[in-house]
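Single-letter residue listing:
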Amino acid sequence: MSLPMIDPSALLTTHPEAVPRPETLLEVKNLRLAFGGVVAVDGLNMNVHRGEIVSVIGPNGAGKTSAFNCITGFYRPDSGEIAFMGKSIIRTRPSKITRMGMARTFQNLRLFSDMSILDNVRTGAHAHLRQHWFDAFLHTPAYRKTERACEEDARYWLDFVGFTGDTLLYVTQLPYGEQRRVEIARALATNPKLLLLDEPAAGLNHTEKRGLVDLIRRVRDLDIAVVLIEHDMGLVMDISERIIVLNYGKEIADGAPDDIRANPLVIEAYLGAGDDEEPADGADQASADPGQPLPPAPPSLPEASATADRSDGGEARR
Amino acid sequence: MVASVGGYCSGSTLPTLPIFDSAKIPQLISVANSDNLIKDNTGNVWLLDGTGEQQASTAMKWVEKNSFKNLAVIDDKTDYSANLATRFTAKAKEAGLTVTTDSLTPKESDFSAQVTKVKSAGADFVYFTGYVQEAGLLVKQLVEGGYTGSILLGDGSVDAKVAEIAGLANCKNVYATYTKTPDMLDDGGAFAEKYKAISGGTEPGPYTIHSYDTVKTWADAATRAGSVDQAAVNEALKSTNLAGLTGQIQFTDDGSRAGEGGFVIVSNQDDGTFKLYDALS
Amino acid sequence: MESLKTYFSGQRGVYHGIAIAVVVAVFALPFITIDAYTIQLATQALIYVLLALGLNVVVGYAGLLDLGYVAFYAVGAYTSGILTTRLGWPMWATIPAVVAACVLAGVVIGGPTLRLRSDYLAIVTLGFGEIIRVTAQNLSITGGPSGIFGIPTWSFGSWSFNDGLTVGGLFFNGKILLYYFVAIVVMVLGLIGIPRLANGRLGRAWRAVRDDEDAAEAMGVNTYTTKITAYIIGAVWAGLAGQLNASLITTISPTSFQFLQSALVLMAVVIGGMGSVPGVVLGALFITLAPELLRDVWENRSLMFGILLLAVMLFRPKGLWPATSILPWSRDKHRAKVDTKPAQARAEEV
Amino acid sequence: MTQIILNGLFVGSFYALIALGYSMVYGIIKLLNFAHGDIFMFGAYIGMTCLTVIPGIGSLGIGAIAIVLLISALLTGATGVLIETLAYRPLRSAPRLSVLITAVGMSFLLEYGVRQIWGPDPQPWPQAGRLTEAANWPAGLQWGAQRIDILGGSLTGAQLVLMALAVVLMAVLALYIGKTREGRAMRAIALDKRAATLMGINVNATISRVFFIGSALAGVAGVMHGAYYSSITFLMGFLLGLKAFTAAVIGGIGNLYGAMLGGLTLGLLEAFGTAWFGGEWKDVFAFVFLIAFLTLRPTGILGERVVERM
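Protein sequences, first through last, are from chains V, X, S and C. Numbered according to numbering that gives the first Met the number 0, the first sequence spans residues 0 to 317. Numbered according to numbering that gives the first Met the number 0, the second sequence spans residues 0 to 280. Numbered according to numbering that gives the first Met the number 0, the third sequence spans residues 0 to 349. Numbered according to numbering that gives the first Met the number 0, the fourth sequence spans residues 0 to 309.
The shape of chain V in the complex, shown without the other chains:
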């Protein structure tokens, strides 16, 4: 039972389509961020086009989440340019960036614990809900209309992500997988043009992952671009139209899944340089201790089959 394709903006009486969406939504030019001596993001360049699914992968500590936090305004980068729908968002507050149409989820699930599931998602719609506090105080008709629209909106997105439980429960009463869905629903409720998912598949079991893949595709069908930070290679290979590989804070590869899989730089970044390969910077091979036995030949990344099933047995070796 997959839901009929409805364009959500039709539902939201409060949000007319103001600005025609440009071809490239997000542009990042040599972004640099350092915490004290540690350089987290070192000259990153990337962009995201309209209605595209892009995965950002890379070994731990490659600066993925730090870059994410710069893009969404939580960290102020040392230098570099970030433009969203043509406007620079370097100095902008995260809430303003979200209002411009870039929603995100968090690596470790930051839902509002003391609020019901419905309220969590309704908070997502906070930005574009025209309701002055005076309306709430006096219970004016405008208040009732906006509250009803907001509730419908929230229920729509909860159904969209496939959550059918009791929406009055508190978030902490839900299993982990369900909480992930609610967080995505909350992000979608901000009516985004670009959705940033920070390790959405982490902690999900096999079937939930399949549900996630399908959900991301349906989000993309609503003309919402999706950017994923993900470690599950099977899922990445299956869903992404484009993959950006990060290492030591900058992108070392950017392209379709197939040529990323074969790209030597990516393999090296993931699995470390084997002795028999010519290191890129031409350092003298003789310096290696001859007596040391040769390390096993570096296995290439597992063949990504059409469906993600087969790959889950042999998780990508990291």
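These are calculated hints, taken from the structure and not from any lab test. Where a beta carbon is used, it is the ideal one built from N, C-alpha and C, also for glycine. Relax, there's no trap hidden among the hints.
Mimicking DSS-like on lysine-lysine, the simulated pairs with C-alpha atoms at most 27 Å apart in a straight line are:
{"#": "1", "chain 1": "C", "residue 1": "K29", "chain 2": "S", "residue 2": "K317"}
{"#": "2", "chain 1": "S", "residue 1": "K174", "chain 2": "X", "residue 2": "K23"}
{"#": "3", "chain 1": "X", "residue 1": "K68", "chain 2": "X", "residue 2": "K92"}
{"#": "4", "chain 1": "X", "residue 1": "K274", "chain 2": "X", "residue 2": "K215"}
{"#": "5", "chain 1": "X", "residue 1": "K215", "chain 2": "X", "residue 2": "K193"}
Here are the simulated distance ranges between beta carbons:
{"#": "6", "chain 1": "V", "residue 1": "G202", "chain 2": "S", "residue 2": "T224", "range": "26 to 36 Å"}
{"#": "7", "chain 1": "V", "residue 1": "Q172", "chain 2": "S", "residue 2": "T224", "range": "25 to 35 Å"}
{"#": "8", "chain 1": "S", "residue 1": "T224", "chain 2": "C", "residue 2": "S92", "range": "28 to 38 Å"}
{"#": "9", "chain 1": "S", "residue 1": "A99", "chain 2": "X", "residue 2": "D252", "range": "43 to 53 Å"}
{"#": "10", "chain 1": "X", "residue 1": "N65", "chain 2": "S", "residue 2": "A99", "range": "46 to 56 Å"}
{"#": "11", "chain 1": "V", "residue 1": "Q106", "chain 2": "C", "residue 2": "A291", "range": "34 to 44 Å"}
{"#": "12", "chain 1": "X", "residue 1": "S11", "chain 2": "S", "residue 2": "F314", "range": "31 to 41 Å"}
{"#": "13", "chain 1": "S", "residue 1": "H15", "chain 2": "V", "residue 2": "A33", "range": "52 to 62 Å"}
Residues from chain C shown here face chain X by an in silico Cβ test under 10 Å; the list is partial:
{"#": "14", "residue": "Q2"}
{"#": "15", "residue": "I3"}
{"#": "16", "residue": "L5"}
{"#": "17", "residue": "N6"}
{"#": "18", "residue": "F9"}
{"#": "19", "residue": "P121"}
{"#": "20", "residue": "R129"}
{"#": "21", "residue": "E132"}
{"#": "22", "residue": "R146"}
{"#": "23", "residue": "H224"}
{"#": "24", "residue": "S229"}
{"#": "25", "residue": "I231"}
{"#": "26", "residue": "L239"}
{"#": "27", "residue": "A270"}
Once you've looked at the hints, dock chains X, S and C against the given chain V.
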């Protein structure tokens, strides 16, 4: 309730005035003496203790007697203290003396700023109109800060604790303006004995005779008026002329105590308790 | 419409039932006893309820620890006191001035510090409370240490509360009229106004900021303006409570705006249950009635409050009547609605 | 002019000593210990009780004060540890708001608990324990009770001794934190509690140690206050604690040198403020500076801007 006797510090007594008045209860205030208490007196308030004005004039007499020229007046911004300080400063300025004024924050313990101000003004006389705790600290820090002039305290600081805190050695020239206390009575301690008998051995406090006189005044007015009704008692109080322990009790038309207010100069030099030093009569 | 019985057994129904019972009790009180002391105490309790509800917005909903709440209480009292006694304005005319003064004070103090971490706010508001008290003590316009006395009660045109009112043969003196007036204001502003605010868009934003500021920011909630709005609404509520209190006790002086007052109101909110309107009302009644009842039993009341505060925080942080409480008998109804289908089946279904 | 500076430095050394306790506790578990001002007051009361209870202490003169300083430091330190274990440890993972409210509750408990035991009115400091009493100073050290002129201003010997003691204590603490193993453990926990546990640091023991040192310092300051000003009251901790926090913030919260610098700065600011505007505005200055610093430079003079990690 037919009468209210009491009221130690003016700050807390002031708000009770309208309440007692509306409850039609005459109010005889035994100790609090800020002039604000009788400012727009509706005839229901009677002060048994000398007012700030009378205490200030006694202090002026003490200043003239010792011909102090450069005065410093410090208050603690509470109602009683500010009232006494402003009235004394006005009198000192009238008399053409140089006066530096400052105030301090109650419950504070460091008054080095005030000491520095007094010394840099070269004052030879300091009048502190606050309460006991700050008086002890200020006297100690003044003397240890190198101030050698005379110190006069208001009646709010007349308590043995001042010497305890300041240290007896520092109280060589500490005096205070004060009305009579039980031990100053010339009845050879008869009152104190009777008091101890009924109070289970506790000594009479500094204001015991004031309260005693206040109740006696009300009783006298009530008997003369023949009723406890507010209007009758207030009427009778106007013509009070009673010999009390604190001296002859008569009232002026604004409800304050007639006469000099009975202020005398006391000192705690010898053993820390304030004793009669100069009756200035 | 379901039958009344089922309505009143549901969660919302119970709240409404209790609310109606409280309203009836409040209005019936003057008919039970007209002794001035009880009426005065009841009015004072109601004013504290309004104060606690105001603080509940700041502490309970937005999660900002405000330790100088009495400052706005003082601003409200002094503004109305000065305007009525010095300039002879009728009390109702000072309302806009009180609101403006509180908004200004809220912006002056909240503005700069709300950018910082919440524990800085605690100390700054504590400092602000002391500044207001000392300034009131030192300035002559605020009557210095003796404060302002003779503050008139509410008057409309020539008629004022003190003239009393006869309705249907029953004469209500000034005190009772003021009591009813305060009760209505508390009902409208506090018991109806604030819960409505909390359920609307702004209320959700407050609670989101309280639960997780970064996540709220990511959801498009401008946390800075949300916190400022909560802070100012709290300030205005306290100002109005201050004005009511000024007209009740007709004399205000700096000594009645000590830090202890702020701590008392905070205790009402914390002990009652942060973020829960019934809980805070309970807390407010407790802190006004307990001192009166314990006056002779426990001379050192503040020690008791200290112990109570600790006990609540350690053993029942959600307070007596927690905000997220689901009433016992309606809890099983809640559980029934939870979806029992295993997640597996649901995932297949999508 | 120099007299105002000297006054400011003297008062500042009290603020610094108490601010150290605030800064250490805040640095390590990000807790604003409201009760810290009252621990200072509690230390003074312990000192006073020792002077009245211990037989024959009167005859030791200055020695008496030294002994009482030590006892009070130990006992107040122990109280600090007790408070931490009973009130703050159970709430280690609780939301910030409830820990702060617990601290307010603990502050009330200390204040009105002392009031219940020692009575509400201010207690004069026993004669034997007074630094300003000439009799207490041994023959050779009579300068202790006289005034000593310094660059035009003057301070009593006692004040100089107290300031010297404060400086020595701060130096010892700085060395302890900087050089010793436990000091390193404290700094580690301040930076990242979880990582510190991974490194085998017993977090709870170290936090108790921090509370012990912070409270002991406050206890010493309490006894010094009593010995110099010779009068203590159960409410003196509230205001002084607030001022000490202001000092800690001005210097840079969490930074030890900042607490010392902040204390002296606040002392001077207040001294000049009261000299120019009058004594009654003294407290208002402290809080106006606090609000100004928090808005213009929240990290304080020495504090560095820490990037708030998500």
